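J.: Okay, here's what each chain looks like letter by letter:
10 protein chains.
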Amino acid sequence: MSRLDVTEKIIATKVAKGIKWADVAAKVGLSKEWVTAACLGQMTLDKKQADIIGKIFGLSADEKKWLMVVPYKGSLPTSVPTDPLIYRFYELVSVYGTTFKELIHEEFGDGIMSAIDFKMDLQREPNPAGDRVSITMSGKFLPYKTY
Amino acid sequence: MSRLDVTEKIIATKVAKGIKWADVAAKVGLSKEWVTAACLGQMTLDKKQADIIGKIFGLSADEKKWLMVVPYKGSLPTSVPTDPLIYRFYELVSVYGTTFKELIHEEFGDGIMSAIDFKMDLQREPNPAGDRVSITMSGKFLPYKTY
Amino acid sequence: MSRLDVTEKIIATKVAKGIKWADVAAKVGLSKEWVTAACLGQMTLDKKQADIIGKIFGLSADEKKWLMVVPYKGSLPTSVPTDPLIYRFYELVSVYGTTFKELIHEEFGDGIMSAIDFKMDLQREPNPAGDRVSITMSGKFLPYKTY
Amino acid sequence: MSRLDVTEKIIATKVAKGIKWADVAAKVGLSKEWVTAACLGQMTLDKKQADIIGKIFGLSADEKKWLMVVPYKGSLPTSVPTDPLIYRFYELVSVYGTTFKELIHEEFGDGIMSAIDFKMDLQREPNPAGDRVSITMSGKFLPYKTY
Amino acid sequence: MSRLDVTEKIIATKVAKGIKWADVAAKVGLSKEWVTAACLGQMTLDKKQADIIGKIFGLSADEKKWLMVVPYKGSLPTSVPTDPLIYRFYELVSVYGTTFKELIHEEFGDGIMSAIDFKMDLQREPNPAGDRVSITMSGKFLPYKTY
Amino acid sequence: MSRLDVTEKIIATKVAKGIKWADVAAKVGLSKEWVTAACLGQMTLDKKQADIIGKIFGLSADEKKWLMVVPYKGSLPTSVPTDPLIYRFYELVSVYGTTFKELIHEEFGDGIMSAIDFKMDLQREPNPAGDRVSITMSGKFLPYKTY
Amino acid sequence: MSRLDVTEKIIATKVAKGIKWADVAAKVGLSKEWVTAACLGQMTLDKKQADIIGKIFGLSADEKKWLMVVPYKGSLPTSVPTDPLIYRFYELVSVYGTTFKELIHEEFGDGIMSAIDFKMDLQREPNPAGDRVSITMSGKFLPYKTY
Amino acid sequence: MSRLDVTEKIIATKVAKGIKWADVAAKVGLSKEWVTAACLGQMTLDKKQADIIGKIFGLSADEKKWLMVVPYKGSLPTSVPTDPLIYRFYELVSVYGTTFKELIHEEFGDGIMSAIDFKMDLQREPNPAGDRVSITMSGKFLPYKTY
Amino acid sequence: MSRLDVTEKIIATKVAKGIKWADVAAKVGLSKEWVTAACLGQMTLDKKQADIIGKIFGLSADEKKWLMVVPYKGSLPTSVPTDPLIYRFYELVSVYGTTFKELIHEEFGDGIMSAIDFKMDLQREPNPAGDRVSITMSGKFLPYKTY
Amino acid sequence: MSRLDVTEKIIATKVAKGIKWADVAAKVGLSKEWVTAACLGQMTLDKKQADIIGKIFGLSADEKKWLMVVPYKGSLPTSVPTDPLIYRFYELVSVYGTTFKELIHEEFGDGIMSAIDFKMDLQREPNPAGDRVSITMSGKFLPYKTY
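Residue numbers (our numbering), protein chains in the order written: chain A, 15 to 161; chain B, 15 to 161; chain C, 15 to 161; chain D, 15 to 161; chain E, 15 to 161; chain F, 15 to 161; chain G, 15 to 161; chain H, 15 to 161; chain I, 15 to 161; chain J, 15 to 161.
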């Protein structure tokens with residue numbers, strides 16, 4: 015058994031039972047972004063969170079233990095993603111990558127936006143010309159220091 | 015001469031003169047995100063915008079014409095970026111890619127967030143534990159339709 | 015169970031029973047292009063469509079549910095396809111890619127042809143020198159806008 | 015000197031003089047698709063065509079000779095294209111590749127659509143919900159034969 | 015079940031029973047080159063051919079149906095083959111590729127040698143200095159045409 | 015100066031002067047296949063051959079010396095060739111690679127067809143349904159031996 | 015001019031004048047590790063540091079400005095390094111990567127060792143069996159948090 | 015059965031029983047770094063060590079034999095690691111690779127730091143601004159010699 | 015069943031029974047280098063050799079038949095090997111590749127060292143400063159000839 | 015100027031003057047293998063050696079300094095070499111890689127053959143059936159140790 019097996023069981027159970035991520039997140043009491051990533055094998059749950067997830071998806075004691083182990087992260091099968099929805103995010107990094115770099119450095123100096131001390135929020139943005147996906151990301155700026 | 019030559023001249027002039035992207039954007043009258051991407055060879059300018067950019071960076075008439083030609087986009091030298099700041103965005107796609115996919119589909123059904131009908135805003139988010147980079151993205155949802 | 019399992023079952027059943035895609039499409043009441051792509055794991059069906067497909071291919075209740083889940087798209091095992099028929103399309107992108115780009119930009123300005131708000135029609139074109147494959151694609155033009 | 019040099023000169027001249035591909039094609043008396051591909055270094059011109067192109071773009075005698083040499087084809091710098099417009103065509107091959115294969119084989123049996131005995135036509139398709147790009151491709155079907 | 019399963023069964027049966035490709039081809043009544051490629055999952059058989067192959071290798075009715083389905087072609091596990099015998103052919107393409115191109119264009123103009131309307135014959139060529147492998151390939155020349 | 019420079023000079027001179035490979039080969043007194051490969055930087059010439067080539071293409075004494083140095087071989091810019099004519103040969107290796115392997119082993123046992131002790135002949139094969147390219151390859155069989 | 019040009023000038027000057035990195039670091043008043051990385055185009059200098067470096071390597075005013083611009087980082091020409099010394103570090107990541115992961119997670123929980131809030135010290139470790147290279151790395155632990 | 019199966023059994027047992035690497039190492043009487051690497055399939059154990067590990071993880075006699083066989087090393091599934099913790103080490107090689115090279119050569123001359131005659135120690139480094147990961151590596155310097 | 019299955023059975027049996035390659039080779043009556051390569055799925059055995067190997071490793075009649083079939087060669091899972099021992103050989107090709115080329119061409123002219131008509135011998139070379147691995151390779155020189 | 019420039023000058027001078035590596039090595043007083051590798055930019059020379067090489071190839075004072083700087087090693091332009099002679103060595107690693115591993119581990123236990131404390135000798139081996147290339151490699155065995 016591995017974390018991947020648990021992730022696949024969660025996904026298959028979600029399809030079979032018609033569970034919604036938003037409901038799972040509400041039961042866990044955290045954001046839908048973090049909870050979904052955790053269920054998809056990218057984050058580590060504590061005992062209490064694992065028990066809730068385990069109950070929703072009918073996991074065994076051993077399967078719940080895997081949820082509490084830090085996973086080997088990276089959710090995509092290829093380095094350039096083939097799925098159109100995910101590719102669009104890759105395209106944004108490709109087209110806007112140097113722009114992110116220039117503007118963050120102009121504002122903060124040399125360093126990075128943390129992808130660890132990070133959170134995000136994904137919302138529907140109603141719009142008469144067609145609703146929009148709105149994503150707000152917030153990551154701590156980490157400066158390079160001399161030594 | 016090519017668009018790349020013009021981009022390199024803009025960057026070299028920016029370093030030599032100490033120009034700021036925020037000031038360039040203010041003169042153009044558009045967001046710093048779009049203007050920076052345009053100066054870095056990813057967007058197409060109209061005549062009036064090209065004239066302003068041309069004046070700031072001392073471009074010739076021919077160089078300004080290149081700014082008005084749609085560029086071959088993609089700003090990164092390798093498919094997995096090596097620069098730590100840009101890599102963090104790639105990592106977000108890698109770790110959260112399937113999460114983006116699940117949550118957007120749960121909210122909207124099958125389709126994508128447009129990377130074309132798209133805008134973003136990058137801001138400093140003051141925080142006593144260390145200031146944060148805040149990025150808000152907004153892209154139109156485009157549904158797959160049957161036919 | 016995964017969408018891939020359902021796709022493989024559909025294909026195996028098609029071979030065993032000698033089903034034709036055109037007949038499947040006729041029963042669903044949509045184009046053969048969209049219906050084939052859906053059966054091959056690239057599109058998402060609604061309840062009614064899944065029931066029809068499920069009946070044709072003898073799918074279980076759970077298998078039909080997978081047809082209604084948005085799939086991870088991308089139907090090819092390698093980034094440069096090895097199958098001669100599919101490679102020819104890749105070759106067209108390789109040889110004509112910059113031509114597509116130039117002519118669409120000349121006609122519409124900066125933007126793309128949507129691969130989402132998209133439909134196509136594939137027909138036999140009788141010809142005394144040998145029949146031809148005729149493919150008509152129609153995708154909405156999506157302009158880049160300044161912001 | 016190489017064909018690439020001639021292609022780059024043609025592109026630079028086009029930008030500097032504001033030439034349109036449609037006008038070039040009209041002067042050559044062939045489709046804009048073929049003529050643009052030829053100017054971009056993908057097709058071979060005969061003497062008369064090369065003279066017309068040479069005149070439009072101010073090419074020397076030697077440069078015109080290069081237009082009459084069969085070029086090493088392939089117009090893209092990476093096997094998975096980074097430019098968003100061109101990527102959408104690659105995505106169509108990725109998502110619809112197996113669909114093309116199934117439907118062509120269902121109609122014609124084993125074989126391919128030729129990418130050599132091939133022509134295409136790209137048009138604006140007016141549409142109140144936003145104009146569309148319409149592309150019609152026609153390639154001879156070439157059957158595999160036993161021997 | 016898939017075509018790959020059938021191919022693997024054919025190969026395993028060939029090893030277990032000590033069948034020779036030349037004998038299989040003789041029973042089918044076609045060249046050993048085409049028949050071997052078909053048995054290895056690269057060509058499509060008609061009903062009569064599939065029955066003969068099915069009898070030789072003890073295939074079930076469903077397995078024989080797979081032989082009549084157009085396969086996803088490409089017989090090698092890596093884009094640069096590791097097997098020394100097959101690599102030598104790849105090396106010939108690498109070393110002589112531009113020579114093939116120059117000589118075919120010099121003789122025929124712009125176009126290609128078809129790999130579809132193609133046949134080949136592989137023979138032992140007795141030679142006192144060591145027997146040689148002789149391969150004769152014949153592919154229709156397909157010219158690019160203007161349009 | 016390098017062999018690549020000499021190759022590029024030969025090609026440029028060929029285009030400028032309209033030289034034919036068949037004529038070059040006739041003057042050297044060897045096959046057009048070997049001579050073309052040599053001119054394209056894949057084979058090594060002796061003094062006499064280099065003098066003839068040097069005279070035809072107007073090479074300097076130092077340039078002729080480079081023709082007599084064994085070159086770093088491999089004539090293609092990418093591991094999977096993008097040029098349609100050359101790709102067809104790659105496709106033959108991909109589709110027929112395991113067939114080559116099976117038939118050569120069936121005839122000769124374990125070993126390879128040499129790509130060094132090798133020669134080939136490329137001819138036009140007249141055919142009422144369209145002329146064909148005929149290529150005859152002959153390579154010494156080299157057996158693996160036990161030791 | 016680009017940062018790469020400045021890096022290459024620094025390296026060429028170092029070779030020509032026989033400068034030592036330890037001496038450069040002493041003049042800058044920082045560690046040899048940080049100063050060398052900065053001179054090799056991986057770190058950003060402030061005005062005072064750039065003046066010192068500029069004096070040592072004879073840089074112009076514009077070249078010194080480039081030292082103060084945040085560089086596009088990543089010092090290696092290939093994703094798997096070919097240089098034996100650098101490869102050994104890559105090998106350590108390959109062999110010990112999962113060990114690093116297990117032990118850091120066992121000690122700290124889910125998170126990473128920062129490569130930004132990071133410093134290191136490289137020393138000769140005398141040893142009768144052959145001196146050793148000793149490297150001490152220190153990076154802040156950054157925990158993933160729920161949100 | 016293979017070493018990989020044994021590694022997976024060890025990891026699954028560790029999760030199921032909540033075993034700690036530090037405790038395993040204490041029982042073996044060696045460093046936690048070496049013991050963890052060995053359990054993860056990167057090092058070779060002797061009989062006594064294998065018996066201890068076998069007892070802790072409930073391995074069979076045959077499974078213990080696999081621990082004593084030299085494994086095929088390399089613990090990562092992709093050449094550029096996707097896991098954020100492990101990627102940071104890859105990033106250090108990317109950013110500091112040429113710095114390692116320059117400083118080791120300046121101190122020792124041409125040669126490498128051995129990744130075989132190598133040991134390391136990983137510790138928590140308490141720090142009021144957030145605890146740090148401290149890693150000390152020691153590898154024998156191996157000089158290139160003339161011959 | 016495939017050759018790979020037989021190779022894996024041989025390796026697993028070797029581990030379980032503690033068999034040594036040198037002993038296997040002695041029983042076969044050939045070099046340990048050739049016999050080991052054959053057992054690892056890289057060479058083809060004759061009936062008598064297969065019977066001996068079959069007896070040592072307890073192979074069935076069908077498994078022994080696979081040993082007599084020419085395998086698809088190439089023993090490594092990645093094109094750049096990750097295992098440190100095997101990588102060192104790859105590194106020798108990387109560092110000394112052009113040296114091999116220059117010296118063989120200087121001695122023999124254009125051609126290659128055969129990897130087919132090839133044998134090698136691997137021995138321990140006692141040395142007070144640490145024993146050494148000594149490998150002697152002998153491959154027939156194959157000259158390129160004009161034709 | 016860079017080491018690569020010096021290497022290219024050495025090679026060009028060698029071609030122009032018809033210098034032999036064996037003669038260069040004799041003048042340096044070391045093996046032809048080491049001296050050739052050094053001239054090709056893979057090894058580091060001391061002052062005396064650089065002076066000899068400098069005299070032979072007419073190098074300037076600065077060029078000779080580059081010979082004394084440790085180079086970034088790796089002599090091949092692609093990770094899988096295209097040149098037939100060098101590829102044969104790569105093929106040996108591919109086919110015999112696991113054999114090297116098994117036999118060295120059987121003789122020495124876990125560890126590697128050093129590619130640093132390494133020397134080799136390449137000789138012509140006269141043989142009535144065609145002369146052979148004989149290469150003897152000797153590398154120190156470096157054991158992995160527990161810690």
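Please note: incorrect hints may appear among the correct ones.
Derived contacts from chain D toward chain A, CB cut-off under 7 Å, selection only [what the hints assert, rightly or not]:
| id | residue |
| --- | --- |
| 1 | V29 |
| 2 | S93 |
| 3 | T96 |
| 4 | P98 |
| 5 | E105 |
Restricting the straight-line Cα-Cα distance to at most 30 Å, the calculated cross-link-like pairs of lysine-lysine (DSS-like) are [stated by the list, open to error]:
| id | chain 1 | residue 1 | chain 2 | residue 2 |
| --- | --- | --- | --- | --- |
| 6 | B | K133 | B | K69 |
| 7 | A | K61 | H | K159 |
| 8 | G | K41 | B | K31 |
Stretch-level coverage of chain I by chain J, calculated; a stretch enters the list once three of its residues show a Cβ under 8 Å from a Cβ in chain J [what the hints assert, rightly or not]:
| id | segment |
| --- | --- |
| 9 | 60-67 |
| 10 | 92-104 |
To be clear, the hints were calculated from the coordinates, so they are not data collected in a lab. Note that the structure is predicted; figures quoted are calculated from it, not measured. From the three backbone atoms N, C-alpha and C, an ideal C-beta is built for every residue, glycine too.
J.: When the structure is checked against the list of hints, which entries are broken? Sort them ascending.
T.: 1, 2, 7 and 9
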